[in-house]
Amino acid sequence: MGVVREAIRLPEVPPELQGTVRLMPWDRLYNWSRKRSLWPLFSGLGCCAIEMICAAAARFDQARFGMDVVRPSPRQADLMIVSGTVTKKMAPQVVRLYNQMAEPKYVIAMGACAISGGPFKESYNVVSGVDKLIPVEVYVPGCPPRPEALYNAFLALHARWDREPISSLRWYRKDEDAGIPVPALGPDLVDWRLTGKMATLERDK
Amino acid sequence: MVAETRVSRPTAEMFSTLEERFPGAAQPAEYEGVVIAPDQLVDVAVFLRDELGYTYLSCVTGVDYPEPTARFPARFETVYHTFRDQGGPLTLHAHASRGNPVVPSLVSVWPSASVHERETWDLMGIRFEGHPDLRRILLWEGFEGHPLRKDWHEPYYEADYKPFSSRYPKGKPVQAEEQTPLGRNLQYPPDWSPEGWESQAGMEVYAPLEACAPVDEYAASDWCPGCTDRVVINIGPQHLSTHGALRMVACLDGEKIQRLEPVLGYLHRSHEKIGERNTWLANMPFTDRLDYICSMSNNFGYAVAVEKLLGVEVPERAEYIRVIMAELTRVMNHLLSIGFFTNDIGVYLTAMLYALEERELIVDLFEMASGSRMMCNYFRFGGVARDLPEGFLPLARELVYERIPRRVDELERFLVDNEVFRARTVGVGVLAADVAVAYGCTGPLLRASGVPYDIRRVEPYSIYDEFDWDVAARYNGDIYDRFMVRFKEIRQSLRILHQALERLPEGPIQAGKKQTIVEVPAGEVYGRVESPKGELGFYLVSDGGPNPYRYRIRAPSFANLGVLGELCCGHLVADVAPILASIDVTLGEVDR
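Heads up: the sequence lines are chains A and B, in that order. With our numbering as the guide, the letters of the first sequence map in order to residues 32 to 236. With our numbering as the guide, the letters of the second sequence map in order to residues 1149 to 1740.
Bound-form chain A, shown alone:
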């Protein structure tokens, strides 16, 4: 827990309370508890969803990580596992789901398609990686990744949290978060963050 723990000097616990009381920094307690109650969003997009379900099922048992609350509502979720190909038609929904999740929120890009488009990269209806739309925390390569690989991603996320004081979470920051503009479906996918670039192209022509 490196950074967080060493920054703070904890007072001594009196000897008669040592069996029942432990002192730790608030950051560490917070991270400890959210590591054990990570609620993923139940949202399958493609092939990887099947391996995601397998990861949750009896053999691999996701409940060991406190992750057995898998609900399809983004309002209760901390983690979005983008398991499958993000198509242009689905892109607005993916962004909308991400916007609707409460902070702090994290995204795992599971599988080659979610990372870069994978085998379907050249397709006219596939977004070349979900990170073109929403920020991604952990990438899990594979087509599809095995459940163990997905677990490794959870552990990577945990390790990241250990280095993350809660004061740095976006939830506690004062700046406004308007969310990501939801792309629209026009002659092709219209990403509103690119329209400036499109105008430049137009001018250059």
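Hints are computed from structural coordinates only; laboratory data are not their basis. Positions of the beta carbon are idealized from the N, C-alpha and C atoms, including for glycine. Careful: at least some of the hints might be erroneous.
Claimed, not checked - Below are the SDA-like pairs computed for lysine to any residue, each with C-alpha atoms no more than 20 Å apart in a straight line: (1) A/K228 with B/S1341; (2) A/K228 with B/P1329; (3) A/K228 with B/G1331; (4) A/K66 with A/S199; (5) A/K228 with B/P1337; (6) B/K1662 with B/L1429.
As the list claims (entries may be wrong) - Derived CB-CB ranges, DEER-like: (7) A/A133 with B/P1329: 36 to 44 Å; (8) A/R67 with B/F1562: 30 to 38 Å; (9) A/E168 with B/I1665: 38 to 46 Å; (10) A/R67 with B/D1512: 24 to 32 Å; (11) B/I1381 with A/R65: 32 to 40 Å; (12) A/R65 with B/H1301: 43 to 51 Å; (13) A/E168 with B/R1283: 34 to 42 Å; (14) B/M1516 with A/L41: 34 to 42 Å; (15) A/E168 with B/A1355: 35 to 43 Å; (16) B/E1215 with A/P212: 41 to 49 Å.
Unchecked claim - Quick look at which bits of chain B chain A covers, simulated, 3 or more residues with Cβ under 8 Å: (17) 1433–1441; (18) 1504–1513; (19) 1516–1524.
Given the structure of chain A, go ahead and fit chain B onto it with the hints provided.
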């Protein structure tokens, strides 16, 4: 096995029948089947359906020929594959000009044409005159162009054939992103600007639903207009029970469904466009990702279709291995389908855990044989990729003889006599046999309606005619029966597996030597297999080149989904999820 196809091809007899009835309407097609003059297409179709018994239209698709051939000018071609109880396909072609491609719609003859024609319009841009609702189905209204036309190029277009020589110019790799102006997989028409533009995509589905007429049930009863409000609701694409990214839009009256329409395309990955650029063998791993639950069956379908073109004989051991893999896939798929189904009627995850446990053991076998749990990529033209590893057979025997039969009995005991389960399923979502055939339903969905149509029996491919097994069928056509048919089919699959594991011969597993570049002679073929979800067909056109000229997948889930609206009509909202689950769709295959 036998290289020659066992289907009845349209013979001279068929030509003379057609010639007698419709003089001058039919002529031989370029490769296979008959070309019908567009103005007589509907009459010929009615004649075929009513008098020759071609009641089942399996697949409609289009092919783009921008270059004129020796016999025909440049054209769009629509292709229809129809079957009767025994035999088929009869392949009909209709030509349309490239400038203004219009052919008459066959929805009035075969309702199953509806979804296929919408797809052909969407991807190929052929208009079907008389189609009641010709909208885009996989892409969205407003999308620029029709992607499967040969002259339409996507943003990352490099060349017509793979492998691309342009990937390493001067020894330096080039990213696809570097080749587009926006650095993304995006392209816009030259005169289009996002300024002041507002998206209307997705809205077009609401208007017809809001205006829909009440179902007959109400018209006859004392239902009063205004007692309940009519609302249009969205179910999905982010929904627990949609089995992926499927959206349904329903018009409700109170809690009853007046009309329901599936909105597809949320997983449209353009298998067909990519497949027409890949080499023949390079499509094999892509077929894995169609119906990603049963990759082995998809491999089987593609291998069977290409082998018909190639005329390859598959060694016996390879055939046995194929059957073992395909039947294990069927067991796995039906178990999962039962699991998902119980999930959707409210047994949240509990029963599914049982199903997934068995699936794990089966994917372990697949991993032993092919090296991958899900995306097996195991079949090759004329054989399989590698022999069964040591230790496969004892494990498979244990599973097939001991474990799965016990587990299936257990699941059946838990679920089938359960009062709540029966209350939710018996008499719900009834599909009549004639409706099922008319809508082109196949697989357990069709067999639960009392039509014992199984491609393994009516048109035996591979070595299915050497095994002793029964076609599973039931006769009520409700959800309960579909569920029971899956249980029966698991048992029949186990029967086949028993025989196959016992009789598995020694020998080579590949005809000839392994090769990556396959020389496929020019021709066209429609190869189909009974995948766990229904008829999986591959319509392939080869021009003798290194890649398929046309690569069309007739996905069972896609065709079966066409009947969803019909099934849900008049039922409660809560029944939509079980009805959808009883059809058993995989979105990778629906949207392709």
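Here is how each hint holds up against the structure:
For the hint linking A/K228 to B/S1341, the alpha-carbon distance of about 12 Å falls within 20 Å, and the restraint holds. This hinted pair checks out: A/K228 and B/P1329 have alpha carbons roughly 9 Å apart, not beyond 20 Å. As the CA atoms of A/K228 and B/G1331 are separated by approximately 10 Å, the hinted pair is consistent with the 20 Å bound. Straight-line distance between C-alpha atoms of A/K66 and A/S199 comes to about 17 Å, which keeps the hinted pair within the 20 Å bound.
With a C-alpha separation of about 16 Å, the suggested pairing of A/K228 with B/P1337 holds against the 20 Å cut-off. The suggested pairing of B/K1662 with B/L1429 holds, with an alpha-carbon distance near 11 Å, which does not exceed 20 Å. Between A/A133 and B/P1329 the beta carbons are some 37 Å apart, a value that agrees with the proposed interval 36 to 44 Å. Checked against the hint of 30 to 38 Å, the pair A/R67 and B/F1562 passes, with Cβ atoms roughly 32 Å apart.
Separated by about 42 Å at the C-beta atoms, A/E168 and B/I1665 satisfy the suggested range of 38 to 46 Å. Restraint check, A/R67 to B/D1512: a C-beta distance of roughly 30 Å satisfies the suggested window 24 to 32 Å. For the pair B/I1381 and A/R65, the supplied restraint of 32 to 40 Å holds, since their beta-carbon distance comes to about 35 Å. As the Cβ distance of A/R65 to B/H1301 is approximately 48 Å, the hint placing it in 43 to 51 Å holds.
Remark: the range hint 34 to 42 Å for A/E168 to B/R1283 is upheld by a beta-carbon distance near 38 Å. Taking 34 to 42 Å as the suggested C-beta distance range, the pair B/M1516 and A/L41 does not conform, at roughly 53 Å. About 41 Å separates the C-beta atoms of A/E168 and B/A1355, a value consistent with the hinted range of 35 to 43 Å. Range check, B/E1215 to A/P212: about 44 Å between beta-carbon atoms, so the 41 to 49 Å window is met.
Counting residues of the segment 1433–1441 of chain B whose beta carbon lies closer than 8 Å to any beta carbon of chain A gives 5, which reaches the threshold of three, so the coverage claim holds. With 4 residues bearing a CB less than 8 Å from a CB of chain A, the segment 1504–1513 of chain B meets the requirement of three and the coverage assertion stands. Closer than 8 Å: that is the beta-carbon criterion, and the segment 1516–1524 of chain B has 3 residues meeting it against chain A, so the requirement of 3 holds.
Consistency with the previously given hints fails for number 14 only.
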